[in-house]
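Trainee: Listed in order, the protein sequences are those of chains G and C.
Mapping of the first sequence onto the numbering used here: residues 1 to 313, in sequence order.
Mapping of the second sequence onto the numbering used here: residues 1 to 245, in sequence order.
Rather than coming from a laboratory, the hints here were simulated on the basis of the structure.
Heads up, a few of these hints could be off.
[As the list claims (entries may be wrong)] Listed below are several chain G residues computed to face chain C (Cβ distance under 7 Å; list not exhaustive):
# : residue
1 : 44
2 : 274
3 : 292
4 : 313
The structure displayed is predicted, hence computed values, not measured ones.
No residue lacks a Cβ here, since even glycine has one placed at the ideal position from N, Cα and C.
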Amino acid sequence: MLPFEVASHLIQQIFISRPRMKLSKTAIQKILYKVSVSLPKGDKVRSSLPYYWYNYGPYSDVVESAIDGLRMNGTLLEEETHTGITVLMAAGTRPEGIAVLNDASEMVKNVVASCNPYRIEPLIEEIYRTYAPFPFLPHYKLDFLAPLTLYVQRAAKEQTTLSRFSSDLDTPHIDALENMLYTCEVEIPDDPLFDEFTEIFTSFVSAAGIAFDRMRHEDPDCGFLAEETHKRAEEIWYTFTRGLRILKEAHDPYYDPEISTWHILYQAKLRELNPAIREYTRSVRKSTLNKRGREPDEQSKRILSSLVNGYLS
Amino acid sequence: MAKHHFLDANIIIGSTLYWDRHYELTTKYMHLEDIGRHTSERVYDECRGVYGGFRRTIISYLAHLFRNLPSSPNPFTLDTTINAITEKYLRTLDSHRQSNLIRSFMRSNMEDIRQCMLRSEEERDQYRRKITDTIKEALYTLQFTCSEDTDALIVCYSCCPLDYTDELTAEKNALLEVIQYEPDTNVLLDSFHIMSHNIQSPTHFITTDKSHILQNATAIEERLPGILIRDPAFFLPDLSPIPLQ
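Sequences and hints are given; from them, build the entire structure.
Mentor: Have a look at this one:
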């Protein structure tokens with residue numbers, strides 16, 4: 001069977017498991033990813049569901065094409081929710097059973113039963129934390145970018161204070177955001193592909209640390225700095241994922257022919273990111289021009305001396 | 001004598017340690033008066049990159065130590081354990097600079113590292129935070145010291161070209177033949193650009209870089225008229241200059 005046919009059949013199995021269910025494309029992609037990784041390595045059905053890690057987690061061109069095919073032949077119907085999200089539902093036709101796909105079909109039922117298709121976030125989180133090829137992915141996407149997004153959204157609505165720790169667990173804590181950024185800085189994949197990215201990311205982290213201080217102390221312009229930090233953090237993520245998918249750990253062999261194109265797209269994104277981060281560091285610098293560093297205590301002197309000595313030796 | 005000086009990154013970074021007597025040369029130089037000090041945004045970014053690199057290298061090293069330390073380390077053999085884990089880690093690094101940094105850090109901060117390894121995760125996080133805060137304060141000092149404000153200790157110019165493909169190309173090619181290292185070539189061109197457009201008088205280029213710049217001083221000065229290559233000891237006759245190999 002062709003991958004397209006396998007994917008089409010399994011997508012229909014999702015809707016057989018829960019009739020009248022409405023799902024986004026993202027949900028379908030993630031459910032089939034979970035099915036794929038639950039099958040043994042080397043399994044023919046697994047190799048018919050090839051994935052690569054990209055902007056919103058694991059993504060499959062084959063699954064995407066299958067969804068579009070089912071939509072165009074009327075097997076799946078599309079509608080828009082009141083929040084503007086496009087969802088798909090079964091038109092009612094049931095496919096014939098295919099013996100070779102019985103195990104995978106059973107897996108589909110199990111995955112659909114174990115998750116809430118209307119709240120796919122826990123499944124996405126599970127996928128990131130269990131299957132991401134590098135720890136940078138869940139830490140940056142889930143533990144830094146998501147809380148930062150929430151923080152900026154709430155700050156825009158003036159629903160959060162910009163200062164200290166809140167007992168409201170949904171309120172991003174600036175210290176935690178900054179610490180997570182330092183964690184992410186040392187988790188970038190150790191591959192020459194990311195050498196330039198690492199330098200740009202380090203520049204961002206240095207500036208963001210100072211921006212967080214402004215936000216922490218509710219200085220003027222901190223709202224603007226929060227938005228700028230968030231905007232650049234997203235650009236960093238979209239640049240990272242363009243490079244990530246090139247690595248063999250982050251794509252199935254089905255996508256090997258795409259590598260040279262992906263390289264070109266990644267380099268182009270890096271060329272855009274560099275001046276963007278430079279501009280960001282200039283904004284942060286302008287807003288903190290008059291702040292002088294504190295006089296270092298003995299421990300800080302020891303730390304700095306050892307580093308500068310090591311660098312200049 | 002030219003009263004305007006363009007500072008290379010090693011001078012600015014060395015003068016971070018104004019309290020450290022080993023860096024008498026750069027710190028005493030920075031205390032000399034009646035000198036207009038200048039630098040370029042490229043040099044400023046290089047300094048930021050160095051401090052950021054410190055943070056990344058040391059936090060990565062500490063994360064490796066924390067991951068590989070036994071769950072209940074023997075306090076009597078802890079130093080041996082730390083040294084063994086460190087040596088194994090250093091063998092995985094490609095960069096000599098990173099290795100030097102970690103060795104230097106370990107030598108000077110062994111007591112703090114040792115205490116950290118024996119304590120709780122929260123206390124290890126606090127030590128990690130101490131390091132990131134120290135680097136951040138150094139970044140604030142850098143930012144305060146180098147700015148576009150004409151009253152700043154070091155005036156920092158953002159007017160230099162990003163690369164010299166359209167401007168000073170002849171000078172760039174001539175310098176590359178001598179120095180054979182593009183980053184240093186671009187910094188020298190920055191000094192020439194700032195001298196020509198902003199300072200408009202002969203300018204000393206101050207550096208401790210022996211291998212690319214100091215030992216090619218004459219050739220550089222021939223190619224960039226008005227730029228005078230100097231190490232900081234030139235202005236401090238009581239102290240020894242940096243020996244050329």
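Trainee: State the violated hints by number, sorted upward, taking the hints as numbered earlier in the document.
Mentor: Hint check: 1 and 2 fail, others pass.
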